[in-house]
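Following the hints, complete the assembly by docking chain A onto the known chain B.
2 protein chains.
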Amino acid sequence: MDLWFTEYHTENARFSIKVDKPIISVKSEFQRIDVFDSCDFGRVLVLDGYLMLTEKDEFIYHEMMTHVPMAVNPDIRDVLVIGAGDGGIIRELASYDSIRRMDMVEIDKLVVDVCREYFPHLSCKLADPRVHIYYEDGYKFISSKNNEYDLIIVDSTDPFGPGENLFKEDFYRKCCNALKASGIMVNQHESPYYPDDALAVQKTHKHIKSIFPIAMVYQAHIPTYPSGHFLFGFASKGLDPIADLNPGWASFGLNTRYYNTDLHKGCFALPNYVKELLNSDIPVIPPGRYKT
Amino acid sequence: MDLWFTEYHTENARFSIKVDKPIISVKSEFQRIDVFDSCDFGRVLVLDGYLMLTEKDEFIYHEMMTHVPMAVNPDIRDVLVIGAGDGGIIRELASYDSIRRMDMVEIDKLVVDVCREYFPHLSCKLADPRVHIYYEDGYKFISSKNNEYDLIIVDSTDPFGPGENLFKEDFYRKCCNALKASGIMVNQHESPYYPDDALAVQKTHKHIKSIFPIAMVYQAHIPTYPSGHFLFGFASKGLDPIADLNPGWASFGLNTRYYNTDLHKGCFALPNYVKELLNSDIPVIPPGRYKT
Numbered sequence: 001m002d003l004w005f006t007e008y009h010t011e012n013a014r015f016s017i018k019v020d021k022p023i024i025s026v027k028s029e030f031q032r033i034d035v036f037d038s039c040d041f042g043r044v045l046v047l048d049g050y051l052m053l054t055e056k057d058e059f060i061y062h063e064m065m066t067h068v069p070m071a072v073n074p075d076i077r078d079v080l081v082i083g084a085g086d087g088g089i090i091r092e093l094a095s096y097d098s099i100r101r102m103d104m105v106e107i108d109k110l111v112v113d114v115c116r117e118y119f120p121h122l123s124c125k126l127a128d129p130r131v132h133i134y135y136e137d138g139y140k141f142i143s144s145k146n147n148e149y150d151l152i153i154v155d156s157t158d159p160f161g162p163g164e165n166l167f168k169e170d171f172y173r174k175c176c177n178a179l180k181a182s183g184i185m186v187n188q189h190e191s192p193y194y195p196d197d198a199l200a201v202q203k204t205h206k207h208i209k210s211i212f213p214i215a216m217v218y219q220a221h222i223p224t225y226p227s228g229h230f231l232f233g234f235a236s237k238g239l240d241p242i243a244d245l246n247p248g249w250a251s252f253g254l255n256t257r258y259y260n261t262d263l264h265k266g267c268f269a270l271p272n273y274v275k276e277l278l279n280s281d282i283p284v285i286p287p288g289r290y291k292t
Numbered sequence: 001m002d003l004w005f006t007e008y009h010t011e012n013a014r015f016s017i018k019v020d021k022p023i024i025s026v027k028s029e030f031q032r033i034d035v036f037d038s039c040d041f042g043r044v045l046v047l048d049g050y051l052m053l054t055e056k057d058e059f060i061y062h063e064m065m066t067h068v069p070m071a072v073n074p075d076i077r078d079v080l081v082i083g084a085g086d087g088g089i090i091r092e093l094a095s096y097d098s099i100r101r102m103d104m105v106e107i108d109k110l111v112v113d114v115c116r117e118y119f120p121h122l123s124c125k126l127a128d129p130r131v132h133i134y135y136e137d138g139y140k141f142i143s144s145k146n147n148e149y150d151l152i153i154v155d156s157t158d159p160f161g162p163g164e165n166l167f168k169e170d171f172y173r174k175c176c177n178a179l180k181a182s183g184i185m186v187n188q189h190e191s192p193y194y195p196d197d198a199l200a201v202q203k204t205h206k207h208i209k210s211i212f213p214i215a216m217v218y219q220a221h222i223p224t225y226p227s228g229h230f231l232f233g234f235a236s237k238g239l240d241p242i243a244d245l246n247p248g249w250a251s252f253g254l255n256t257r258y259y260n261t262d263l264h265k266g267c268f269a270l271p272n273y274v275k276e277l278l279n280s281d282i283p284v285i286p287p288g289r290y291k292t
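As you go down the protein sequences, you meet chains B and A in turn.
Once you know that position 147 of the first sequence is 147 in this note's numbering, the rest is easy, because the numbers rise by one and skip nothing.
Once you know that position 87 of the second sequence is 87 in this note's numbering, the rest is easy, because the numbers rise by one and skip nothing.
Source of the hints: derived by calculation from the structure; they are not laboratory data.
Glycine included, each C-beta is placed from N, C-alpha and C at the ideal position.
Honestly, I wouldn't trust all of these hints.
[Stated by the list, open to error] Covered stretches of chain B (chain A as the covering partner; in silico rule of three or more C-beta atoms under 8 Å from a C-beta of chain A):
no. : region
1   : 7 to 17
2   : 35 to 43
3   : 176 to 187
4   : 225 to 238
5   : 265 to 271
[What the hints assert, rightly or not] Derived contacts from chain A toward chain B, CB cut-off under 7 Å, selection only:
no. : residue
6   : E7
7   : Y8
8   : T10
9   : N12
10  : A13
11  : S16
12  : S25
13  : C39
14  : Y193
15  : K206
16  : H229
17  : L263
18  : A269
19  : P271
20  : N272
[Claimed, not checked] Listed next, with one range per pair, are the computed distances between beta-carbon atoms:
no. : chain 1 : residue 1 : chain 2 : residue 2 : range
21  : B       : D75       : A       : K21       : 53 to 61 Å
22  : B       : D48       : A       : A243      : 42 to 50 Å
23  : A       : R101      : B       : D2        : 25 to 33 Å
24  : B       : E29       : A       : K21       : 40 to 48 Å
Bound conformation, chain B alone (with noise of 0.2 Å):
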């Protein structure tokens, strides 16, 4: 059977995937969720449409939203995730024995169970002990909390459908009062490449300017994502990602396949057309001379 799944990065620009196998097909409450084998790419999961993982390559977003705070702040204890329902983020995070408290907030259960039963290498660390789940709106949860957290990993979706309101400036007030005085956030932080990611980009580091004193961001290459240019959002209260690096993270002794400690200073090195995307206040203009 000839089977390709499609995402439109734009309307005029798509990428495709051959389906070796669909899995599973099922709709809950915030969305519809779809997992397949591909040929190329291992086990994909699709939600609303929109590719968020694969096999292949999430180790890359992973280990990127996790590593690099985790190397600025090695005494991190308490921290909160939200999303991540398929478990990559608190797979990386266990592997530090020195965090005590884990609080992942997913809005949908569904996505959890789908990924307990059909992404075993993901969600393998979330019966770990000192993981807390809570099914809970991520922008609820997080308003009623106060200099509690030394880490927030924001692992949202796209900045509409049920992740919406994990990119309004008010959510990221409320994780900054969640967060403790040399508490960090991370948070994925869109494409730089496509108009319309390209905007996100640019309202979200705006929002989280006017809260962080320090707001950083950084890169990826992600290939299955659109662009395969992918940033995060690094902010704190005072830590600063280059000038605060750890030079012991390697102690810790973990196996990464993306991330290391140069890697880390490189990531934040960024093209001239992504800082003035970032940096401006009008609409940003496409990469490209042919538009000028």
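Chain A only, in chain B's frame:
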């Protein structure tokens, strides 16, 4: 009309771009040449069915091939460019007044003619009096050269078809001979992500490493190339791309949209899986946990 150009990144993964208008399709002695206007990427050049460049993101490739070596040795005077019939590399080089000679060797005159007509933003500096174009096989051209160039840029197509010779060990040896003692060679080094491309990365690096005392690899985000994760080789007889980076590069006053000197340092920091690929003698294991 609903017209799409599709490139297969593997047999089981493909990227498609909506075509606004086909511009020209011709066949040279060496390859088929197609030009079309796309809805999202401006004008696009395709050789033998493979996407060579789009107006939207060609600046990334051309800046990274040119400014990285130029920032390491600002005394570069004599440059050889192999391939690069579209003129993009020459456009970037021509902004340095310090360069006195640019020899360009392109096997296919029709590529140059097509780009002169349909890609004026790329070919705009081919008439610079310092440029000498040779319509010859790059492999043959370089065989007679000795101690002549400060910089060689190998802007080849892929390791099959007309560009095949430009990936052979013997070719890199000839490049080494053609370089002066402070010489640098930069080459397009394919992508590390899909298995066939990764194999080419590994082979190419092995060849270059066996010939040049310094052989390093750097990366960029080029969204319209397979996986978006693209590599370049930096090889030299002694100059180190980081230690010898000229801190005064910014004084050239060039208006770059991707390259900057922070990014120069950052782009040599490779993910672990790419380092493993480059340092391994056994055939590549594609990234991802699902195979292990």
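Please name the hints from earlier in the document that this structure breaks, with their numbers sorted from lowest to highest. 3, 6, 7, 12, 15 and 23
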